[in-house]
Every structure is written in structure tokens, then in C-alpha cells.
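**Student:** Starting from the two chains in their separate frames, assemble the complex, guided by the hints.
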Amino acid sequence: MEFANVVTITENPSLILLFWIALTILVLYFARRPFHGAIISLSRIIKNAMRLASAGVLAAEKRLVQRNREVLIATGIEHTERQVEREFGRINASVARDLDTYPTLHRKLSDLIIHLDEDYNASAEVPPSLPTWTPIIESLAKIKPPGDSMVAHMLGEINKTLTEQHTSALEVYRASTAARHTILSRMLPCWRRIEDVLGIVGKSIATLNERAAHVDRYMAAYEKIRAQEDATVRKLSSSSLTQFFVAGLVLAIAFGGALINFNLIALPMSEMVGGASYIGPYKTADVAGLVIILIELTMGLFLMESLRITRLFPIIGSMDDRMRHRMIWITLGMLMALAGVESALAFMRDRIAYDMEALRQSLSGVTEAARASHVIPMVGQMVMGFILPFALAFAAIPLESFIASSRTVLGIVGAGVLRLVAFALRLAGTLSYYCGRFVIAVYDFVIFPALWLEETVTGAWRNRQALQTRTPDTEQSGGTADMDHTLDDTLQYKEQPL
Amino acid sequence: MKRRILIVLAALIVMTGCTDTKKHSRGVYMLLDTSGTYAVELRKAQSIINYLLGVLQPGDTLAVARIDTGSFSEKDIIAKATFDARPSIANNQKRIFQKSIGEFVSSVTSSAYTDISGGVLQAIEYLNEAHPGEKYVLIFSDLKEDLAQGHIRDVPFLLSDFNVIALNVTKLRTDIRDPKQYLERVEAWRTKIEDGSGHWRVINDLERLDNIFSG
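Respectively, the protein sequence lines represent chains A and B.
Numbering follows numbering that gives the first Met the number 0, with no gaps: position 320 of the first sequence is 319.
Numbering follows numbering that gives the first Met the number 0, with no gaps: position 187 of the second sequence is 186.
Hints were generated in silico from the structure; no laboratory data involved.
Quick caveat, the model's predicted, so the values are computed rather than measured.
Just to be clear, a hint being listed does not mean it is correct.
Said to hold, decoys possible - Okay, the calculated bits of chain B under chain A, using three or more residues with CB under 8 Å as the criterion:
| id | region |
| --- | --- |
| 1 | 56 to 70 |
| 2 | 92 to 105 |
What the hints assert, rightly or not - Counterexamples of contact, computed for chain B against chain A with all Cβ distances above 10 Å:
| id | residue |
| --- | --- |
| 3 | Leu52 |
| 4 | Lys170 |
| 5 | Asn203 |
| 6 | Ile211 |
Even glycine gets a Cβ: it sits at the ideal position worked out from N, Cα and C.
Okay, chain B solo, but in the shape it has when bound (with noise of 0.2 Å):
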């Protein structure tokens, strides 16, 4: 009798210890490039933020953040929402959060600087806090970095178990007399993600963002 009681309790307590939360979660940090002219684009950043605040399930993470002259900082974060285990509460902070960008988009000013490596650095902060299964970085910009004076971002990033995707990497008018400068550009990030062992991945199609957790 005592040996089936001990057997339970190994049971329960192998049961227990399999509950996790956290290995199955995601967390998703996306920045958004409010630089010059790709202010205008955020009307389509705002539909991917609904596209993840649809796919997210209570227990994920998600946070926007904006890309300005100095990104490395808490205060370009304009919402954060680690979602409820229960699905009611889960889809009322998704409405809150809503609101939140689209009140962020419709009072948008553009930033004189774009600092991307920021941006990136203060994403793996935060995502390291949250501690997800499943990390991912989502840069919607035209991956061109242009830093204030004074600014220095030549700390490597520490990407392991990163996904760090580009969305709507648009082309510049240099980049269409030419493109060589537009691969460059893009193949600099790569490296410079892919040192930092992480996963790199560009999806330009807006249509297809479901590539985004299947990729």
C-alpha cells in the first residue's frame, strides 16, 4: 500500500514538474521604424501588430517599440503585454493594446536619427526578462541605421535562440539606382545577427505572414 501511495506521489510530482508555462509561450518584440519617410508605413505595421495580436495565445508575449534617435531605452516601448492565462483577460488586454498603437500611430511624429542596434539591444533585454519559449524580434524598417553623434552601438548582440526578422524591408531611392547598396544593407544585419547567433530572416510579403512562427 505504501509502495502505491509513493508511486502516486512520484506521479504527481513528475506531473507537476511537466507543467511548464514558459517553454511552450512566445515572446515577440517588434520595432518600428519612425524615421524620415517610413513614418507612412506604419499604417501596415499596425495591421501586422493586429495579424500578432490575433495569433498570440494567453501566456505570450508581445511589445512595441518604436525606433527613434536613441532606441536603447524603456521609454520607446509603447505597449507591453504578457497575456493572461485565461482567454477573457487575454482578449481584453489585446483590445487594450490595440487602442494603445492606434493611438501611437495616429500621433506619430518622425525621428531625426534611426537607431536600429538599439532598438535590437534594448529587445533582448526584454525578452530575456520574459523569459518565452520562443523569442522573436520583428524590425519593421528599411534597415537603414543612421545614428545620432555621440551614439555608439558597437556592442555584439547576443541573439542565441533568436529570431530576428525584417519585415517590409523597403528600397530606397539609392538602393533602386543601386541595388547593391540594398543587398549590402541587408546582408550586413544578417551577419550581424548571425554572429551574434541568432536566426535572420527577411519576409518583404505582407501577405505571408504567417512565415513569421512557421519560418
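Isolated chain A (complex conformation) (with noise of 0.2 Å):
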């Protein structure tokens, strides 16, 4: 019998189809089993694929954020070093200053104590005393004559005398006194010199302590950096977010600017460089503009790493202090030299604009009207011109800024889109696993007949095997075992940790 003919073995297509059916469910039912095995083994293969996968893409998360730290670290080590390198050098140009006059005021000092030693002693001189002898002759002379003329006349000289020389000793005496309240009174200004001079070492002091302090502050800070503190490291990745942001707002302000000077000395440009020629698709006069500018940017870079603002090339900042100044002056020169360049291409680019619309004006059959005057324009797009490149110098300090931060914060978004990959692949491998699980219920959903007949049987069969060993619990915890053995073998294997 050919298979056709056991195919159409009856003329009822309701026939045939459940035929199929049945037929279908028994070689699904005998394949159940390997088919189990097979998605479990794929879903199993997929989810440990993906967990593998999300390992290595966390490791190298880890491995990211761990750099990102050390940058951050890095960075904030840097910094700190050149803030308190910074303050030494205050420091330094402070004592510098205050030691290169300090002589001078040692000498002034020594000079006043001198001075004032010299009035003390001059002021220790004792006014001379009364004679001793004095008081007795005092007495003498204030005997009442006695009627003796002479007598009366000796004691009278004696009294004259004595009171001739009291008063000299007294005139003396003021003498003396009047000179040492001079001589005090001299010390006066001498005294408040030293104030002064004292006031001044005190203020040096006093700043002196000021940027010791400083100092104390930035090396407090340094330490925690040293010492990794994640609140530290957390505050370091905060400053670098907002440096990016501001130096990214700055460098879109700079960037308006190289704009407006682009379109200052583009067209006057094709003046000079000729306005039909291009660079591929660009006008060789609008790529000549936008070379000048990127030329002035450079130079603006240059000068600020000789000026040791920026530290973007450290080649520049190591060099000695005389080829330095060299370069700044080179740099600055030749910024002049682009500025007033720039400011000549304004006034022709007036010039140009100027006849342009004149032509425009004789073609449009326009009689040229009174035109108003066009000096402040002038002058303006001239003074635009001149200060626009050095403007343009400064964009060196955000663009510093921008590039250093920008490390960071590409290191933070890094490690935030490997921990999405990492959680996307788990998602995958976990879906995966339960699309198995799901696969497999389905294809037991679609066999259930033929289950629910095995069943059946194992179960009638079981209970006929009970009551014959008639050991009906180990027989029945055994028959469990065996009935459970095609269902939940399989979800035991399923429920395997991974």
C-alpha cells in the first residue's frame, strides 16, 4: 500500500484532519523530550552567553569608573598642587619683597633705638642740686642784725649772695629740665617711627599667616584628594561636570565670535585671495577667513601657555623663563599684527559692501540715494576687527577646561552606557531563559491529549502495581517518582540554578 493511499483512507476531510492531528500530536509527543532538551540547552546556551557578555561589559564598567577616578584624582591632585604652588609663590614674592627691604628697615630700626638710647641717656642727666652749704648760710642770713653795722652789712651780703646764687642754681636747674623735656619730646616721633615700622613687619605678618593659612586649606584638601575619600572623588566629579557645562557654554559664546569675524573678513577676503578659485566645495577666500581665524586661535593658545595660564602643551610651560618671554612677545606680536590685519580687511570689506551696492542701486535703474553716513559703521566693524582676535586668545581657557573635563564626563557617560549594556544583556539572557520556559509549556499545551493519556495509563498501571506488592506507601512515593519522570524530569532540569 503506497503512503498516498494511507493517506486518503477515507473521503471526509474532518476524517483526514484528525488523523493528522493525532498523528502530528504522537511524533510531537515522541519528540517531546529531545525538543525539551534542545530549547532548554538553547535558552540555557543564550542565557549564560548573556550573563558571560554582562560580566565582561561590568568588568570593563568597573575598570572605567576605576579610571575615571584615577583621572578625577588626577586631575584634582594637579589642581590642587597648583593652587598651593600658586600660594608659595605668593608666599615667596611676599618675603621676597618684605626681605629685599628688610635691611633697610633693620637699619632704620637700629637707627631709632640708637637715637632714642642716646636721647634716654641725655635725658638720665640729673639737673645740678642746690649747694649743701646753702641751708646753713640761709639760716645765717636770716639773723636780724644785731645793730652792728657791719655785721648788719656781712649778713646782708651774705643774703645778697645767697639769694644771687639760688637764683643761678635755680635758672640752672630750669635749664636743665627745659633741655631733657626737649630731648623727650624729641623721642616722641622717634617712637611712633618704630610703630610704623613695627606696623609694617606686622602686616607682612599678618599676610604672611593669611597664605599660610591658604596654604593649610589647599594642603587639607590635597590630603583628602590623596587620601581617595569617595565624598572627595564625588566633589571633584561634580566640578568637572560643571567646568564641562560652563567651559562648553563659554566656548559656544567664543565660538558666535570666530562666526561674526568670519563673516567680517570673508568677503574682503576675496579680495585679496581672488573670489572665484575653490577648495573643493569651498571658496578658497572663505577657507583663507577661516584659516586667519584658526591662526589667531593658535597664536591666543600659544600666549596663553607661555603666560602659563593654560597647560595644555607642556613643552611651553617647561621652557625657560627667557625663551618664554620670548614667545609671548612673538605671540602677542603676531596677534597685533592679525588684529590690525583684520581690522584693514573691515574697513575694505565697508569699501566693497559700499560699491557693491552702488552697482546694485545703478542696475535696479535706483538713483543712487543720499546715503547716510557710513563712518561710525566703518569704524565699528574696524574696532570689531582689532579686539575680535583677542577675544578669540581667551577661548584658550575654556577650550583648557572643556578638554580636561570633557575626559571626565565622557568617562561618566562611558560607564553609565556599559552598566545599560550590561543591564540590556542580562534582560536578554533572562527573556531568553523564560521564552524556553515558555516555548516548552506551549508545546506540552499543543501535545496535552497525549499527556493527559500517559497519564492515564502510568497512573492505572501505578495503582495496579500498589495493590499488588501491597507496600502501598514505598510503592506509591516510587511511583510518584516514576510518574513524575517524563513531566518533571524535565522541569527538574529545567530549575537547575545557571
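**Tutor:** Encoded structure:
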């Protein structure tokens, strides 16, 4: 009997359909175990692969975070070192300045002290006291004349002499005291000068103390960074993000300035390099204008590097001071020259624009109207042309901050992306695992008549076996194990931890 | 170090090689019909030329020629210029050009015949010599060709990369009576131009002159 005859065993399509369904279920029932095994293996492979990939990505993320942390700490350390260095520089300058003037100050103080000493010694001289015999003579002088003219005359002479002596001694004493007072009053400005000098010294010391406090603060921050505390790293990270956005904003402003600058010089450049030639799809005049602006930016960058404001090129910063000063003057000179060129180009632009406008009016048949004074816009353009190169030179500062902070920001973004990828991989792995289970469940659902039949047959067989052996408890447990073998074995297989 | 120098030299050579003037320039050859009644339309042509002078850039080429009895001749070129690369000099050239056209328009006399094909052939020759990046032939005419006895114009046009634009194609009295004639005339020119691999357009609205280069 041919196969075609077997499948066309009856003409009834419902019966044929039923036959085919039964046949399919039968085939699926027999293929159930290998199918379950294949699906579970596949889902497990996918899950494990995803987990492995996720673990790899997470490890990379950890490395990136660690690297980011190291970069942040290194940046923080460098920044703090620069601050400490700057403070030490200021202290150094202050000390050098004070020490320069210290010999003069010292001499001034010594002179004043010597002067004071001399004055003190001079003021220490005691005024001449009255003679010690004065009271005796005084008592003699007070004796009333006894009537003897000679005695009276003698006593009178004594009294007179005594009075003269007294007056003279008093005058000497007064003079001496006055001299002492003069000396003392002369000492007062010396004291004040000493006070002033000490005030200057005190101020210098106070400044040094202030600087020392700053250094202490920076050193404390430095120590914290060195200790790699989480809070410090978070602070550095937040600071880096702020720097990134602020520097980005300033760079956007600088870009606007460069754009205006470009528009100022692009038209007149066509007068210099010709307006008809092209480099690729761009006009040579436009490219030349752009090149001038880029050269200005580069000169600005070199100027800032030479001034040690930025540190994008360590080789410039580490040059000896003489060479660095030369470089400052060269770059400044070139910037000045470029600013002059731009100013001239702005003037030329005004002239060309005026000429074009006149031609346009002539072509359109309009009588040329009296033109409003164009001096102010022309001067404005020239001033802008002169100032913008210098303004662009300062773009080096935000550029450095932007570059420095973008490293951190890119690291943070990269870590975030890696975390997201790891999560997606894990999710995909888990989904594949449960999809496998779902497919198995659907498969079992499709062949449920066969499973039901199997359950019924094996149940009856178990009952018969139980009755025969009369050891229901033992056999039941064994039977249960047999019964569940086909289905639960698979489930157990599925539930194994991956 | 040598390698770096070589790279820089290569970049310079590439950049110099890319410096191309012709590729971006435009060449416009305008034919003015001066036959019969169409001569009165020349004021309109003058405004079109002024428009062209306004929009053409340094490095572009412009030539204006009249269509008369025998237009295949350099003598019919009224004014021609390839504008200098420097805008200031180009502006002076435009002023001189404008003056020449003004003088021509004020002193033009009508021609007895209309040799449009000869003018187009002259335009092809001129623009091929000028070698601009984009080539435009503008025909300011009613497209009614009227050749003098003995003039043969059965030469095929070689118009690849040419844009031929008919401007201000006015309707003749016979066209008003029978529009088919007008349509057939325009169609005949289209066929002639497109057979020569040229691009054909008609612009009758002179307020839309910007379509000349953007169309």
C-alpha cells in the first residue's frame, strides 16, 4: 500500500484532519524529550552567554569607573598642587619683597633705637642740685642784724650772695629740666616711627599668616584627595561636570564670536585671494578667512601657554623663562599683526559693500540716494576686527577646561552606557531563558491529549502495582517518582540553577 | 620626519589640485532678438541683463549678442566679459557692460531676418571656449525663425551640459488666432535642443528670473 493511499484512507476531510492532528501529536509526543532538551540547552546557552557578556561589560565598566576615579584624583591633585604652588609663589614673592626691604627697615630701626638710647642717656643727666651749705647760709642770713653795722653789712652781703646763688642755681636747674623735656619730646616721633615700622612688619607677618592659612586649607584638600575619599571624588566629579558645561557655554560664545569674525573677513578676503577659486566645494576666500581665525586661535593658545595660564602644551610651560618671554612677545606681536590685518579687512569690507550697493542700485535703475554717514559702522567694524582676535585668544582658557573635563564626562557617560548594556544583556539572557520555558509550556499544551493519556495509563498501572505489592506507601512514593519522570524530570532539569 | 614632510606635501598637492575655478563658474550667453516688432521688447531684455549682472559672481562669464539676419558671427556680440576674481574689478566690469548694453538698446535698429539657430551656434562656440562649469544660453525671442535666402542652418546642435532657456516668448498675432502655431513653435525648439542633449526651459514670467539658475 502506497503512502498516498494511507493518507487518503477516507474521503471525509474532517477525519483526514483529525488523523493528521493525531499523527502530529503522536510525533510531537515522542519528540518531546529531545525538543525540551534542545530548547533548554538553547535558552541556557543564550542566558549564559548573555550573563558572561554582561559580566564582561560590568568588569569593563568597573575598570572605566576606576580609571575615571584615578583621572579625577590625578586632576584634583594637579589642580590643588597648582593652587599650593601659586600660594607658595605668592608667599615667596611676599617674603622676597619684605626681605628686600628688611635691611633698610633694620637699619632704620637700629638708628631709631640708637637715637632713642642717646636721648635716653641724655635725658638721664640729673640737673645740678642746690649747694648743700645753702641751708646754713640761709639760717645765717635770717639772723636779725644786732645793730652792728658791720655785722649787718656782712649778713646783708651773705643774704645777697645767697639769693644770687639761689637764683643762678634755679636757672641752671630750669634750663637742665627744659633740655630734658626737649629731649623727651624729640623721642616721641621716634617712637611713632618705630611703631609704624613695626606696623609694616606686623602687616607682612599677617599676610604671611593669611597665605599660610590658605596653604593649610589647600594642603588639607590635597590630603583628602590623596586619601581618595568617596566624598572628595564625588565633589571632584561634580566640579568637573560644572566645568564641562560652563566651559562648553563659553566655547559656544567664542564660536559665535569666531562666526562674526569670519563674516567680517570672508568678503574682503576674496579681494586678496580671488573670489572665483575653490578648494573642494568651498570658496578659497572663505577657507582663507577661516585659516586666519584658526591662526588667531592658535596664537592665543600659545600666548596663554606662554603666560602659564593654560597647560595644554607642557613643553611651552617648561621652557626657561627667557625663551618663554620671547614666545610671549612673538605670539603677542603676531596677534597684534593679525588684529591689524583684520581691522584693514573690515575697512575693505565696508568699501566693497558700499561699491556693491552702488552697483546694485545702478543696475536696478534706482537713482543713488544720499547715503547716510557710514563712518560709524565702518569704525565699528574696524574696532571689532581689531578686538575680536584678542577676545578669541582667551578661548584657550575654556578650551583647556573643556578638554580636561570632557575626559571625565566621557568617562561618566561611558560607564553609564556600559551599565545600560550590561543590564540589557542580562535582561536579554533572562528573557531568553523564560522564553525557552514558555516554548516548552506551549509545546506541552499542544500535545496535552497525549500527556493526558500517558498520565491516565501510568496512573492505572501504578494503582495495579500498588495492589500487587501491598506496600502502598513505599511503592506510591516510587510510583510518584516514575510518574513524574517524564514531565517533572524535564522541569527539574529546567529549574537547575544556571 | 621625512614621512611627515611627504604627507604635508601630498596634502598641499591635493589641495592645490582641488583649487578649481572653472568648475563652479557660470557662463551665460544671451541672444537678443532685434527683428521686426520684437525690437521694442529690448527694454525688458535690458532689465534681464541687469539682473544677470547683479547675480553673476567673480569668475563668471556673460556675453550678450543680437539675433539678426546672420547671427553666426562674433560681430553680433554686443558685450562680453569674464568677470575678474577680485570683486572690485568685477564691479567695474559690470558697470562697463551695463553701459554698453544701454548704448545698444538706445541705438538698435530692427533686422530684416531672424537667425536664431545661427545665434545658438555662436553661443555654443563661445561658451565652449570660455569653458565655464555651468553653461546657459538665454534666447530672448518669440522663437519665430526667419532665415534669409541662402542661409543654411541644418547643423545639429551639440548641447550636452547646456541649459537653453527661452525668455519672454511672446505670442504673435497668428498665434492668438491659432495657439497651435505657438505651441508647435515652442515644441519644435524643445525637440531641436533636446536632440542636441541640451536642457530646454521657457520662462515667460520675467518676475521669476531667479528660476534661470535655480530651475
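**Student:** Against this structure, judge whether each hint is valid.
**Tutor:** Each hint tested on the structure:
Counting residues of the region 56 to 70 of chain B whose C-beta sits closer than 8 Å to any C-beta of chain A gives 4, which meets the bar of three, so the coverage hint holds. Only when three residues or more bring their CB closer than 8 Å to a CB of chain A does the claim for the region 92 to 105 of chain B stand; here the count is 3, and the claim holds. With a least CB separation of 5 Å from chain A, Leu52 (chain B) falls inside the 10 Å interface cut-off, contrary to its annotation. For Lys170 (chain B), the non-interface assignment is confirmed: its Cβ lies about 27 Å from the closest Cβ of chain A, beyond the 10 Å cut-off.
No Cβ of chain A approaches the Cβ of Asn203 (chain B) within 10 Å, the least distance being about 21 Å, so the stated non-interface status holds. Residue placement check: Ile211 (chain B) keeps its beta carbon more than 10 Å from all beta carbons of chain A (closest about 15 Å).
Going through the hint list in order, the structure does not satisfy hint 3, though it satisfies all others.
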